[in-house]
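Using the hints, put the two standalone chains together into the complex.
So you can see what is in the structure, the chains are spelled out below.
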Amino acid sequence: MWSVYGPLSFKSIAYTLRQVISVAFDKASNCGKSKYSRSAVIVLIVTVAMTAWSGRLIMSSYKVEPIVPGPSVSDIVRLSHYFPGIEGTPGDTDVYFLDSGNPGGTVLVLGGVHATEVAGMLTGVLLIENAQVNQGRLIVIPHSNNSGFTAQPAEDAFVPVFHIQTEWGERWFRLGDRLTNSVHQWPDPEAYAHYPSGQILSGSEVRNLNRCFPGRPDGLFTEKIAYAITQLIEAEACDLVIDLHEASAMYPVVNVMVAHDNAIDIAGMAAMTMEFEEGVNIGVEASPVGLRGLSHREIGDHTRAKVILMETANPMMDWVRGRTTEDLLLTGQDEFMLKASKKGLVRVPYDEQGVPIEERVGRHSSGLQQILSTMSLMYPDSAVQVEGVPKYAEIREHGLGHFLKNPAEDI
Amino acid sequence: MTAFVSIAYTALCGLMVIGLVYRMFTSRDVYEQITCGVSMVPFLLRALHIR
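Sequence order for the protein chains is A and B. Quick note: the first sequence uses the working numbering, first residue 1, plus one each step. Quick note: the second sequence uses the working numbering, first residue 1001, plus one each step.
Isolated chain B (complex conformation) (with noise of 0.2 Å):
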């Protein structure tokens, strides 16, 4: 169960990283990009499995 839950919250974190790529790349706003940037760091380092 509690691999299932770690293994479940990394792909989340995947998604998150994922979509806030996209977000990056999509947007018309410098401060948007930056804010994309800035909140996407803590799930990448868990979905990279660094923490």
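Only chain A is shown next, with the shape it has when bound in the complex (with noise of 0.2 Å):
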């Protein structure tokens, strides 16, 4: 399907648009109609400036944003390695690894999983730039769903670009949707049944990444990417997979850590800790049994990792939100949400001072080196040890941007 993407067709439809106007304007003169001539002519230029326009704006979805490797970076593969039946597609995305030498477990991040909820992608990104790995391997995905990273939500408004500053000039970033692309999958079934339980969701819900897990191998789209994703779990022998999110501040399920059987034990005391340590409350919940198709859920199921997912407060998900522009997601501060707040209807803590991105990417960061410090107690077999990437404190006080490395002088 992928194949058929290329210059051919602008060239034989500007060719064929040529010879409709010529034919047209004869026509046109012919008749003595030359003042709707002209008209028509404006239109179509004006038509033709507008189509330019707009899919320069949707093409730039598709321009990845830079990342820096950092100093543990040992290797990039592409996704579709461990499936390639994603090979080519727009699904297919880089997998870093991180890698000590040095004996210990495995962790997978995923970041970007839901393309809209960007504090998940940007965590990885500081981990990809910053962390230095000592013993055991990391493995991030900062882009899981790539597809949702081209399209933005229909009739939320979104920009498909936010920037964020820095020391040195400002980067750039990709908000995405918070499903797969619906021209990479089309058309969406009245009703989903997730495979392999038959739970029946809405139809939309077929491009939800976090509810295909653990995919198929010749199921639709973003099952295959779900698929992918768990092969690499597998061939890798991951011990702990950490599913970075963000959900709307009036959700119940929000600044928490959703913890599967395996690694309740381990969310537990991470959330304790980093509670006495850093001050920062996070809530813990058992992955629903009930509830499935989300990495929480599957991918314990069906692999031997252990898996955790995190959430923070997007105030740009919610509906009563205001404008949704790119200071609305990078400051969380909206006026609607400040009256949601003084209601009781906000289910984080919520001021003028809004749920900025440093707040969320920093409960990210901190809770994911929560996590990595309690596993590595718990389980030695299976340590990772991970310095260098800011927590919460570092990342409130310097601004996220601050830890952001500069593309020009990757070398």
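Worth double-checking, as some hints may not be accurate.
[Stated by the list, open to error] One side only, chain A facing chain B, incomplete, derived with CB under 8 Å:
1. Ser39
2. Val43
3. Met59
[To be verified] Once the Cα atoms are required to be at most 20 Å apart in a straight line, the calculated SDA-like pairs of lysine to any residue come out as:
4. Lys35(A) - Thr1026(B)
5. Lys391(A) - Pro356(A)
6. Lys63(A) - His1049(B)
7. Lys35(A) - Phe1004(B)
8. Lys63(A) - Ile1034(B)
9. Lys35(A) - Ile1034(B)
10. Lys35(A) - Arg1046(B)
11. Lys35(A) - Tyr1031(B)
12. Lys339(A) - Trp319(A)
13. Lys63(A) - Leu1048(B)
14. Lys405(A) - Glu167(A)
15. Lys63(A) - Ile1050(B)
16. Lys35(A) - Val1030(B)
17. Lys63(A) - Arg1051(B)
18. Lys35(A) - Glu1032(B)
19. Lys35(A) - Thr1035(B)
20. Lys35(A) - Ile1050(B)
21. Lys63(A) - Glu87(A)
22. Lys63(A) - Leu1045(B)
23. Lys391(A) - Gln165(A)
Hints were generated in silico from the structure; no laboratory data involved. Glycine residues also receive a C-beta, built at the ideal position from the N, C-alpha and C atoms.
Given below as structure tokens:
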């Protein structure tokens, strides 16, 4: 299907348009309608300009933001290495290996399973660019659903790209859709039956990567991406999977770790340590057995890996929000959310300061590091020791941009 | 099959573009011409494989 992309259609259609225009001009002048021909030319020029502008905007979503490999990055492979069924598709994505070379465990970090929830993707980038892995291996996928980063949710007026200021300039990142791009998987069924449980969900959830685990090789596009990730977990013998998400601030499951039965001990201890050591409150919930397709349920059930999913609060995802701007994405400040908060409808502490990206990435970064430390203590054979990654307080103090590298200096 | 549907869809969008351009240049109504232009944008994008 993907091979049909190409410039051939552009040339042929441009030629056809030229022919039609000349025929139409002749006919128009023969009929003495030159006034209307002039207006038609003007409208056509405006149409082509609108198409060029829209096209440029759409194509910008396919340009992948640069990520600077940090000191521990030992290898970068494509996800299709584990399942060739997604090779050459928009679902294929980079997998970063941060290998200490010392015996220990293997931990997979998933960011961008939902491309709207940018704190997960940014935490992945933060790890890749800063982490010094001293024991074991860290595997990071910042754009787990790469297709989702090529679209924005319909009717939500999201900005396609956002920027983070740094000391040397600004870094740009894409803001995508929660679901796989509908042009890559279409049409949605009336109802989605999850494989293998048979659980029935709303039709559009068939494009939700976090409802498609463990995936299947002959399934739909999103199921194939989920299958590739599951295959990676099996092939690399991952001990732990950490899936980074965001949720609306009015959603009950927010500022929380959701753990599979096999990782509830690690999550509980990590959350307590995070509160005692860093003063950052985070809840712990057990992965519901009856809610299928989610990473924290299916990966734990179908592989030997322990699984923890983390959620932070992103006010841009709340329905009561005002204008959906880049500023709202980065600061989380919104007057309507403030009203909702005063009425007790918001599930996280919310005031004029909002919930900035530093708060959200800081939570993920600290939570992740506490999970790694806890696992290393509780399961020494699976230990993964990481340093150099800023925690919550550092990110809040210096800003996220302080820890992002300059792609121009990447040699 | 998927590739066939994709190519067929592209061809149909191309036909829509041609039809709309033709209509635009033969119409005596400026408002109709503008309607043709605006409605042409998504078809033109798809015909050019920009999606």
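Okay, the hints, checked on the actual structure:
| no. | hint | in the structure |
| --- | --- | --- |
| 1 | Ser39 | holds, 5 Å |
| 2 | Val43 | holds, 4 Å |
| 3 | Met59 | holds, 6 Å |
| 4 | Lys35(A) - Thr1026(B) | holds, 11 Å |
| 5 | Lys391(A) - Pro356(A) | holds, 15 Å |
| 6 | Lys63(A) - His1049(B) | holds, 16 Å |
| 7 | Lys35(A) - Phe1004(B) | violated, 42 Å |
| 8 | Lys63(A) - Ile1034(B) | violated, 32 Å |
| 9 | Lys35(A) - Ile1034(B) | holds, 14 Å |
| 10 | Lys35(A) - Arg1046(B) | violated, 31 Å |
| 11 | Lys35(A) - Tyr1031(B) | holds, 14 Å |
| 12 | Lys339(A) - Trp319(A) | holds, 13 Å |
| 13 | Lys63(A) - Leu1048(B) | holds, 18 Å |
| 14 | Lys405(A) - Glu167(A) | holds, 10 Å |
| 15 | Lys63(A) - Ile1050(B) | holds, 13 Å |
| 16 | Lys35(A) - Val1030(B) | holds, 10 Å |
| 17 | Lys63(A) - Arg1051(B) | holds, 13 Å |
| 18 | Lys35(A) - Glu1032(B) | holds, 14 Å |
| 19 | Lys35(A) - Thr1035(B) | holds, 17 Å |
| 20 | Lys35(A) - Ile1050(B) | violated, 33 Å |
| 21 | Lys63(A) - Glu87(A) | holds, 18 Å |
| 22 | Lys63(A) - Leu1045(B) | holds, 18 Å |
| 23 | Lys391(A) - Gln165(A) | holds, 19 Å |
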